[in-house]
Amino acid sequence: MVTPVYLVVSLLGIAFALGILGKPLRKVAGVITLATMAFASYISVSWFMGLWFGEQSAAMVFTAGFRPPFSINLLMGFEEAFFLSLVNLAGLFGTLFLYRTLMKSGVNAFVILLILIMGLNVIIMTRDLFNLFVFMEISSIATAGIIILNPHQKTISAGFKYMLATGIVAGILLLGIIFFYHFTGTLNLDDTIRVNIEAWKGITVALFFILIAVIVELKPFPANGWGLDVYESVPGGIGMLISTASASAMLYVVYKLLPIAPPVFFQILTTIGIGTFFFSNLLALKQTHPNRLLGYSSVGQIGLITGVIGLSHFLGNQFGLIAASLLISHYLAKAGLFWISGILNKTHIREWSVIRQNRLLLFLFSLFVFLLLGFPPFPAFYGKWELIMQLAGSGQFFWLGAILVASLLEGVYLFRWLGYAMKLEAPAGEPLRVGWNQYIPLGIFGLATFVTGYYATHLSSYGSLINLIPLAFALGFFLIDFLPVYIKNTLAIAGMGFYFYYLYPDLNGFDMVFSAIFLVGGILTLLAGYAYKGKRIGFYPTALMMFAGLIGLVEAKTTLEFFFAWEVMTAGSYFLIIRGKKSMEHALSYMLFSLGGAYLILAGFSLASIGQSTIVLDILATAPLYAPLIFILLAIGFMTKTASIGLHIWLPGAHAEAETDVSPMVSSILLKAGVFGLIILIIRMGEQHLGSLSILYILSWIGAITAVLGNLMAAFQEDAKRLLAYSSIGVLGYILFGLALFSHLGWLAAIAIAVTHFLFKALLFLAIGGVVWRLKTKEMYRMGGLITRMPFTFISVLIGIIVLAGIPPLSGFAGKWIFTNAVIEKEWFFQGALISFAGIIAFLYCFRLIHTIFLGQLKDEHRKVNEAPFWILAPQYIILIIVMVFSVLPNSLLHPIGEMLKPYFPDGALTWQGQYATSIFGYWNGTWVMYVVVAIFLLVFLWLWFMNRKAYRVKQFNIVFAAERPFRPETTHFAYNFFAPYKKAIGFLAEPGVTRFWGHVSEGSHAIAELIRRIYSGNGQVYLFQIMAFIVVVYLISFGGF
Amino acid sequence: MENIWIKIGYALLTIFIVLNYGLLLQGLFRKIGARVGRRHGIRIWQPWVDIIKNYTFRSRIYHGVMYYLGPVFRLTGGIGLLLFLPVIYGSEMFSNFSFTGDLMLVLYFQFFGVLGMALGAGESGHPYSAIGVSRGLSQVTAFELPLTLGVLAIGLQYHTLNINEIVAAQQGSILNWTFFTNPFAAAAMLLSFLGAMGRSPFDVVLAPQEIPIGPPTEFNSSLLGVLQLNRAIFPVAKLILFMNLLFGGATNWGELIIKTFFIYFWSVFVGIAFPRFRVDQSVRWFLSIPLILGVIAIILIKF
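Chains as they are written, first to last, in numbering that gives the first Met the number 0: chain A, 0 to 1041; chain B, 0 to 302.
Any given hint could turn out to be false.
Short derived list, chain A residues pointing at chain B, Cβ under 7 Å [claimed, not checked]:
no., residue
1, T270
2, F812
3, A832
4, F842
5, G921
6, V928
7, V931
8, F936
9, M946
10, R952
11, A962
12, A984
13, F987
14, L988
Keep in mind that the hints were calculated from the coordinates and are not lab data.
Note that CB positions come from ideal geometry on N, CA and C, so glycine has one too.
Isolated chain B (complex conformation):
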């Protein structure tokens, strides 16, 4: 029993570190984005300010039970995803609750928050929320297909779906990373990753111009605060997942931060360089090049 309390303690520590790292990344990349666009940009600690501001608003409204629970689902999804992952390779404590399930659990658990949030947004009755969800789900289905092919290729390559074992198999040399040993799978997955991160060219879900910020349109005050917490944690959890699958995992926090920074940077780089797709365009795009790469990955690994 004592063991479990220690685990919970480390889990909270993980969440704390990841939350702050996530907020830092947010601030940093908004700054970078602004500088690329020749603007001054926000202060780097602005994300913290925003969260605190949201929790202290005096005017707080809600639209119904599901609306209230939407952000709870969302954040549960984010934290759960993080805790089901082995964060630091070789560290029992920072493996958190990854003993409860393997790669498949992690991949499917992502949708727990997404669907819960979508339901909450739905109850607000705001059409923009529903439009955002419709776009988001459409896009998700499309990038999941190449992602699945990539994951299957990795599963076949290492003969396991255990994330720890996948990381273990990549130890020893940079050349052991899946990124190098299985480049087509990695390519398919990294392109899907762009969709998963929801940055340009795949940010039509939040589309600030036509459906201001999409699904979360109606959320305010603490509810929005909870969503913002998730927006810091969830991407980092995804980064850790991709790091584990493709880039050999991390044996300490420093390595983790360096690797995830560059993985995040990949999506930011593409986002800054490319304009936005419409939904039907992005759906078709994911079902073209990334899909073909995924198919090639499978064919190469199988034959």
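For reference, chain A alone in the conformation it holds in the complex:
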């Protein structure tokens, strides 16, 4: 092992050498610097590895061979090696990234960089307070140096403000150190740790000065305007160094000083840290400058980790994993994002759409965003999971809530930004140029996200249980994305088919039903993918990611696996949804509701794990505390996915604007994830009460109202796919109601409807998708008369709406029949009547859908439209066959579901004799109904055929109009605002009140952000005042001044 003193020696030595021999070495200065940094990285990483694997023990280096206090000692322990690796690697790759810029700036630039990194190295290793001060000063000066490396008005002013701020911090730190020396007579940390320093009177003030100075270096809210100005003014490459290397080193200083800190200091750290995390993310909402935005995010993330350090007492032995994974995520993500920002060099996040010129950059951008937000399989996922679990376990609910809310805010601006990059029109300008020296660091950090994620999975206590294979299979498609669609589609179908085959023997009960919907349904909808030509870049990895997540839900045995799968599914579906042409805002709102829901689920799981020894899903059943609260959190979380009323506003846009085969995937399959979640929840927790009020009773009302309003809104849509989307909201309302009934029949209806909804919604979305594919419009009134042009599609839609409307003799009626029985049994009549009312309203939009598209007047421009592509029709006809089987033989669907429910609900099952079902109230024989109806239909038809055999077909406009002859399809097709009188009567119910509510929430938070961020006036004096005020206020609050 190379002794750590060489870190200092090499970095400082080369810096001096370059300074002295500057001119002759100009050409190779860059290479020498890189080599030095590589050497430093090697030393730190090798120490880190050695210490990790236990081959090495911590080493103390004494400079000049004396013992303290006569010399300075440097410690190379496990934590030091970790932080040194971070700092030196950041230095190495940061320098590589900036290589060309630095070469232009000359040798001095390299000197400054080397000094900065050297300073940070010593800051981490030193055990001497005064030495710490000195090197903090050195790093500050070096940082100021790199800030003004590219001198213009903004950087100079930012650099000046930076010097002012760090200057005042240094003064306070020095004061603290002087007092400290005065009281203790030593500046050596190890010495002071050994004795009980609290015995010294007056030491508190000294400690406060030292600690608050270090905290201010971390740029806490609100004393951080100077830091944000720095981030805004410097190029991305330099911002990266400040955000990763400097911030990591300063974080370590805080950690290092903890042993001498008084207990109250932990509360201060927590409050300041999480407060900063919250407010940075809130204020970032209004931010549009990419670097400043990243600055906010950096400050916030560092705040979070600071908070975690403050909460370390509550985190037990998980503290290390939590802090390290959060730090690594911040480190990798922020480095990557700052670098990308450096490449794009834009001043408004809307301009980031130029990133689409380079798919790799776009991929990395999304990767880093997901990494930062703690999505699986990246390290922060486990960090956040453990953090929330431990916080719940120790009763720190306030902080738990604050962290989750702040994370959600972070999601708002990051996903908005990602959406801009993916969807906005790219501004004209020079093409992007990315040098090899920029690709290498980005690529390595990108890979590192997966590597660290993998290790984090194995380090976390239950992470190793997680089945990563489906996710890996999905991500593998990124590697073969250059292949044409039909190959990838075949591979995807084969993969999913194999997985279903592999799972099949172990499946039973609910798992069976939902795996069939997720996998078999997925295969059916994927079939439509053959209709696409070209490569469809990015579709397969994300679609399969969604399916991997869905099947992961079914396979999950523990809450962690469930949450992992949930997040994977959310991420995959987000990318699927945003593929639609106009999907930007819809994907954002989908993501935000999903994130919010996910955090509620996380909170629910964490509360459920309190006082339990495992995290298997069954802990929900045995949760000793807060059971109703857990139930509510989880139920709301799942209801964001089922789009229950109030949480539904993301759905119509997301489903309607999606691509032809994505709409059925997200609508008929993805929504069932929420249903599955509710089933898992209700079956384990049963009926919970708030006081005397049953929560299921509340859910039944939510379900019924969702059903009515969803269907009502569907009836008033002009856009065919939006109509179907609203209809999904309605049907999911029935399902929620059925589950809330919590009886055999209620669940039978709910699950039967879940299955049939999959069938008819996939059918309808594919069929309508086919129409839109040909007509290039989704507005129904622009269509009409297409029955002659697209007869096969017409048949699909016809069967689809009959099933949807629940009209006998098709299988949709089963749901209605069982529902009525269940309602009478449970005696929830008013909700039941609403559900039935909703069912009738469904007729309105069903008719409208088929009439305005396929019947009425054919438009001139559609006279030559072709039938939908074969591969879009093929899955529809497979589904039609299934629908007909379920219709003729209802017990083939209902009987197995009934058997499956018997262990949970032994009473009230249907009795089956062949196809003859009896409940305690009534009876129904699907087969015979079908026979009778078909027989009558045929007889009547033959009668008419016989009587009318000489009829001839007339042309389109040969209709009975008084005294005139219509000639324009547009004016003759009655389609627009089809239910105008109905709207007049009860349209007020479909007013977008919920949308308005969430609009106000969004506007309100943005307005608050706008108001608060005015404190950052850009004036150095104001910033100084803020720092001083911050210090005084923190002192007064923590030490009892108030």
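Once you have looked at the hints, place chain B on chain A.
Positioned in the frame of chain A, the structure of chain B alone reads:
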């Protein structure tokens, strides 16, 4: 197997009786309506004449497959509804195919014909048809809500959705009829019934003045003939349903005819006495008084 042929025979007989009874009612009530309006009115056998006339027209046109199938759906809906009902209480043969499903089947099967017909009318391309359908469907949704509350109240009252058992429970005395034992449910349902019959004030669907006869506007010759057959059968099927639910059913054809006559008369009486509602008015009306009655029925029966 023999059993099923006998059943089919009785089913055909039922259809025949009901068809003629339905046509008679049509003629009769048009006559009554005319007399109330101080007109002479049609001959009572005019409905038969109209049907025969329609089947014998020489000029026959159609607009497409769905247009052709619309009337088939409609009549299938009417006949199916009739056959899924136990027509005569206690008579196995005139129970027809009611063993295949209970009250819920009957209620939902009503829409089979309605939607099929609406689709057929849609393909004609005539805007009046579509307007009529839009009005009709709007109205249907509105009166279904009080109707459902009434049905649920009855289901709870008798603890069954089996129509035969509901009729059985009302035997013995007139006072056992649901009409008397559950008056609010009966009121809600009878008001909804007005909507279901589509007579004034709820006849805006056919609106002779603005959208001459609404959905069937474009139908002609045999197609219209099929619709007319349905117009005779379908209302009677509905009358039988309401008779079974509210008025103790019928143990023989005579009783059936007397009871259904008066139930039909209720809608005619209201129709003659009240002018027409606009659609939005009728929707709001159904969601006011009948709905409140339905809610009261539920509350009374539950608590």
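How the hints compare with the structure:
1. T270: violated (53 Å)
2. F812: This hint holds: F812(A) lies near chain B, its Cβ roughly 6 Å from the closest one there, short of 7 Å.
3. A832: Holds - the Cβ of A832(A) comes within 7 Å of chain B, reaching about 5 Å at its closest.
4. F842: holds (6 Å)
5. G921: Interface hint status for G921(A): holds (3 Å vs cutoff 7 Å).
6. V928: holds (5 Å)
7. V931: Cβ of V931(A) sits 5 Å from chain B, so the hint holds.
8. F936: holds (4 Å)
9. M946: holds (4 Å)
10. R952: holds (6 Å)
11. A962: Since chain B brings no Cβ nearer than about 13 Å to A962(A), farther than 7 Å, the hint is violated.
12. A984: Since the shortest Cβ distance to chain B is 4 Å, the answer is holds.
13. F987: violated (11 Å)
14. L988: violated (10 Å)
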